[in-house]
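> From just these sequences and the hints, can you work out the full model?
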Amino acid sequence: MTGADTTTAALTTALTTTVAPKSARQETLAVGLVIVVVAIIAGVAISQRQIVNPLPRLYDWQLSSFYDLNKTDQAIHSSLISAIPEMWILHADLLAQKAGSKTEDSLPNKVEDSPLSKVEDSQSSKAEDSWPDVDQLAEYYFVAPFAKDLFWSQYGEVTWARVTTFSFEGSTVYHGNGGSADQQSAYLVVLSHAHKGASFSSSGTIWMNADAYAPAPNEVVRDALIRKGWKQVVAYSGDMERRRIRN
Amino acid sequence: MKFHRVFAAQLLTLFCTVFVGVFTGVADAKPLKVGITLHPYYSFVANVVGDRAEIIPLIDAGNNPHNYRPQADDMRRVLSMDALIVNGIGHDEWAFEIIQAAGRKDNLPLIYANSGVPLIPIAADEGEAKVVNPHTFVSTTVAIQQIYTIARELGKLDADNAGYFRKNARDYALKIRRLKAKYMGELAKLDTSTLRCATMHGAYGYLMQEFGLQVVAVIEPRHGVAPTARQLGDTIDKIKAADVNVLFAEKYFASNLSETIREATGVNMYAFSHMSDGDYSAGLFERETQANLETLVNAMRSVSASTTETPPSEATPSTNVAE
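Going line by line, the protein sequences match chains B and L.
Residue numbers for the first sequence follow this note's numbering, beginning at 48 and rising by one.
Residue numbers for the second sequence follow this note's numbering, beginning at 17 and rising by one.
A few of these clues could be false.
The calculated label-pair distances, taken between Cβ atoms and stated as ranges, are [what the hints assert, rightly or not]:
hint : chain 1 : residue 1 : chain 2 : residue 2 : range
1    : B       : 225       : L       : 322       : 52 to 60 angstroms
2    : B       : 88        : L       : 172       : 40 to 48 angstroms
3    : B       : 88        : L       : 70        : 45 to 53 angstroms
If you are wondering where the hints come from, they were derived from the structure by calculation, not from laboratory data.
Ideal Cβ positions, reconstructed from N, Cα and C, are used throughout, including at glycine.
Written as structure tokens, this is what we have:
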């Protein structure tokens with residue numbers, strides 16, 4: 048064996064020396080610890096990223112306008128929601144007429160020709176007379192779903208009426224039933240008592256009954272309506288969608 | 017000497033009081049500067065405020081609001097606004113980027129036109145996850161609800177003119193209702209039962225809903241986003257299976273896809289306005305709504321005529337997109 052061979056053999060020996068871990072148990076523990084730390088960080092991050100559900104939790108006596116209604120009921124609900132501010136405005140007009148005054152926002156050039164003025168002439172000043180009836184909404188103001196137009200015929204030709212028996216409860220109610228569209232409901236619009244200065248209010252609730260021929264209820268308090276099979280419709284509004292997007 | 021000092025102090029106080037009063041009085045008398053994000057909101061606000069407020073469009077006319085990228089000028093404009101009216105449900109998300117970038121997130125009153133509007137899903141998405149349709153301004157009934165919301169909220173910011181805004185909102189709402197009633201009368205003369213329509217874009221759900229018309233299919237998954245070959249194939253199959261006879265394309269956002277679909281299915285084509293083009297003007301909403309309702313009546317006439325076996329020469333031409 049030459050001197051070079053001896054050197055090579057020594058180097059080879061040095062290079063192939065196996066270094067055992069200080070402790071296999073310690074290495075396992077270290078890897079486990081790293082896994083636990085990563086899991087904790089991920090858990091905290093996920094918990095901080097929770098999205099708050101913007102949808103109100105519905106009771107079993109409520110329906111979501113977005114998820115629970117068929118197209119016919121959805122269309123009628125949309126039109127009723129849009130009609131409510133109009134009802135309040137006309138109500139304010141009628142109150143102003145009864146009081147013998149006109150507000151700046153009343154429609155003097157139109158109201159004089161409108162059926163509203165005829166109501167004042169021909170009827171008493173009972174509280175329920177300060178709300179427009181269905182014919183006024185339909186024929187003069189073309190308000191859906193009361194106007195007997197294409198919308199009305201496409202969505203079941205519902206028979207609408209203002210119910211005048213609730214004035215003692217401080218509510219005004221519009222009732223629609225007898226629609227002929229597939230799986231159509233009966234409808235109620237409940238406008239609560241008008242407070243002074245509420246002329247531009249848009250408050251009102253809409254109820255539906257799976258029985259398309261459900262008659263107008265005798266009471267419009269919540270529990271009585273629920274007992275008669277009515278369900279309150281909760282609109283999926285722009286506010287809710289905005290909160291969903293922003294969250 | 018003491019008397020003079022007291023008198024001078026009182027005089028100074030009086031002067032300051034009068035000066036501040038006059039100054040703030042002048043400031044209060046300044047008309048509101050109301051920002052808007054979309055064309056229809058310009059029309060709504062212009063008809064509500066008349067000459068008692070200044071309207072500032074947030075972005076220049078001629079931009080597509082679906083894929084808009086904020087510009088430096090937008091930030092300059094937002095700095096001058098007293099309030100901004102937004103769609104807020106997905107059609108003008110860029111407005112919030114602009115507000116943030118301009119540092120007005122905490123001090124610019126926002127009026128959410130859709131705050132009380134009951135939203136509906138994009139048409140024809142049964143069986144799939146329901147997606148909110150943000151095109152509430154392409155309508156009449158829901159537009160009126162937004163007009164009332166805008167008038168009410170502006171009245172809170174400018175109490176002196178609240179009654180004036182309310183009156184204008186009512187007048188404007190009645191004009192829109194009369195416009196709708198006119199075309200309702202036209203449509204009532206036609207047989208609408210055979211109309212089976214699809215739309216290129218999901219913008220027309222609210223409009224079709226208020227006329228009792230159903231949309232069978234929406235071609236674009238999102239506005240300006242072309243469907244994949246597979247999606248297009250599926251849509252063509254769907255149109256054929258549902259026996260669709262009218263396709264409503266878009267007046268201002270023409271797409272070769274509509275022609276492809278027409279050739280593949282043989283449907284009649286008409287074009288609706290999305291109300292997102294042209295100059296900002298008080299009359300834009302009424303003008304474009306009238307055009308849309310005219311188009312709807314024409315489409316219906318065509319369908320109605322074909323079901324009563326009118327000779328083709330008398331029917332409306334099958335392609336009406338190039339308006």
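> Next, verify each hint and record whether it holds.
Verification of the hints:
1. B:225 with L:322: 52 to 60 angstroms: At 33 angstroms between Cβs, range violated.
2. B:88 with L:172: 40 to 48 angstroms: 46 angstroms, holds
3. B:88 with L:70: 45 to 53 angstroms: At 52 angstroms between Cβs, range holds.
Violated hint: 1 only; the structure is consistent with all others.
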